[in-house]
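J.: Fit chain G to the supplied structure of chain L, relying on the hints for placement.
These protein sequences, in sequence, are chains L and G. Numbering of the first sequence is given in my numbering, commencing with residue 13 and proceeding in unit increments. Numbering of the second sequence is given in my numbering, commencing with residue 12 and proceeding in unit increments.
Rather than coming from a laboratory, the hints here were simulated on the basis of the structure. Note that the Cβ used here is the ideal one computed from N, Cα and C, for glycine as well. You may find that some hints are simply not true.
Derived, one-sided and incomplete: chain G residues facing chain L with beta-carbon distance under 8 Å [said to hold, decoys possible]:
{"#": "1", "residue": "Ser45"}
{"#": "2", "residue": "Val74"}
{"#": "3", "residue": "Ile77"}
{"#": "4", "residue": "Thr165"}
{"#": "5", "residue": "Ile190"}
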Amino acid sequence: MPAKDFLKKAFPVIILTAVVAISVTALTYTDRMTRGEIEAQKEAQTESMLSEMFPEMGRYELSDDIYTIYQDEDEIGYAFIAIGKGYGGNIDILVGLENDTTLKGITIISHNETPGLGTRITEPSFTNMFAGLNINDVALRKDGGQIDAITSSTISSVAVIDAVRATAVEKVKLIKASEEGG
Amino acid sequence: MGKFGKEFAKGLVLSNPVFVLALGLCPTLAISTSIDNALGMTLAVLIVLIGSNVIISLIRRFVPNITRIPIFIVIIATLVTVVNLIFHAKFPDLYESLGIFLPLIVVNCIILGRAEAFASKNPILNSIADALGITVGFMLALLIISFLRQILGTGNLAVFGTHLFDLPVLKEHPIVIFILPPGAFLLIGLIMALFKRTGVIKE
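One chain only, chain G, in its complex shape:
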């Protein structure tokens, strides 16, 4: 497997942003209530993370160590705002569905985390691979969590308005806590424990 493939693959499981790096938990709690939200957030992260990794990898030789964090934050915030405005103007339908996720990304520490830990030390191609891998890893984590939260917390599963199935007892008596942020914490903890116990994640 080439370097590109390696940098991509590590984001999926080995340094999965949610379950291993424990990054981006705040937006994860906020949006993993349904599969729709999970996919919307993934798309928003994909766009911004590739952009920020590329820019930061490009300028990495000019960034003084002492002011690197403020520089990364300014770049990421600018990028998010620019993407937000362009989407609002040019792709109103996409903006309608991504509208709440794009601003949330500013506080998504996955972006800053990858800028600091990877893009500021690696060439562009590898930084793109890293961005893609981390995004897919984030998507897998979000899909697992939001699938469980949606069926436990509402008793049914619907994706993009298409109703897939109802669960018999949960439909009448959903376990509401799973829709609320504390339920997400419980699930993330349980899934992490399960992954560590079964050796999917190595310590």
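Next comes chain L alone, as it looks inside the complex:
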């Protein structure tokens, strides 16, 4: 094939390659510029959610995915993230523990539930039901628990309830094990 024809055929490929190269450069550069700030942003968000849940919080430590909350040098609680399987995908929930049996409260961090229905899991009328509950009471009333499902959002409600209970039970075991060990 003559060189001229080859160039003519290759031209669209060269342009596309150039566009992709510019795009990759732009993305890499933006990622580098913003990564630090985004990390700081996320950390600040976690801290503000924790201090909202534990107003007396002085500082917190993170180890093995469990936040230990301190006021001065005393441990005043724990927090961790539970992931529920909702109607529209994962529901990330920040769960606070007062001690190894009682919940401090929950905050919905992110979710993809149906707007107007499942999104009501984020409202205080739902999340407040968890505050001060014994871990074993985190279940629907009909299952012997203390929580009412949101009308016409049963899947979302149960996803939150199950994730909170299951993760709390698991994390309490870890907390107890590490206290006995240390």
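T.: For chain G alone, coordinates are given in the frame of chain L:
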């Protein structure tokens, strides 16, 4: 009316993206559940559509016909990601409220549709006018749909946390289907039919 004004005005009704071009229906179904969402999506579309129309209009003479679609897609996806990252880093409050809309824009065919149908054939100024007009048209459509979905599906109207009014019977018995995506399809169809019947939209 100048060329700029004409390109702007056509997006409002004559080639309204939702009701006439039937573009961007997927994000429309997803987010037209409340007025807040409608305005958030409008802002996100405004930023990305102006950016993509300008870039594509600028490079339109260098884009080979045969690879134009992949080139447009790469440019739009890059633009959305860059805007997303910058918002996340620099404007955390705005990102908080736009966070779900920006990624959705990648699949918003309004952006690609305008790149292909307009910006790749027209100079920059007209492409900006087109972007503005289409965005305002999109906003009008979203506002009509989300207003109806919100009051029919939840029985009340609240905008940015300010509660405006309750509807007496619907408050206790909201018509839940209007909040769900099938309800949006029903409404869009009914509104289109109404607009065509009354001659607002010409075939």
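J.: Are the hints correct? Go through all of them and say.
T.: Hint by hint, here is what the structure shows:
Taking 8 Å as the C-beta cut-off, the interface hint given for serine 45(G) holds, the closest approach to chain L being about 7 Å. Given the 8 Å rule on beta carbons, the hint for valine 74(G) holds: about 7 Å separates it from the nearest Cβ of chain L. Among the interface hints, the one on isoleucine 77(G) holds; its C-beta lies about 5 Å from the nearest C-beta in chain L, closer than the 8 Å criterion. The interface hint given for threonine 165(G) is met, as the beta carbon of that residue sits about 5 Å from the closest beta carbon of chain L, less than 8 Å.
Of the supplied interface hints, the one on isoleucine 190(G) holds, with its beta-carbon coming within about 4 Å of a beta-carbon of chain L, less than 8 Å.
Against the hints set out earlier in the document, no violation occurs for any number.
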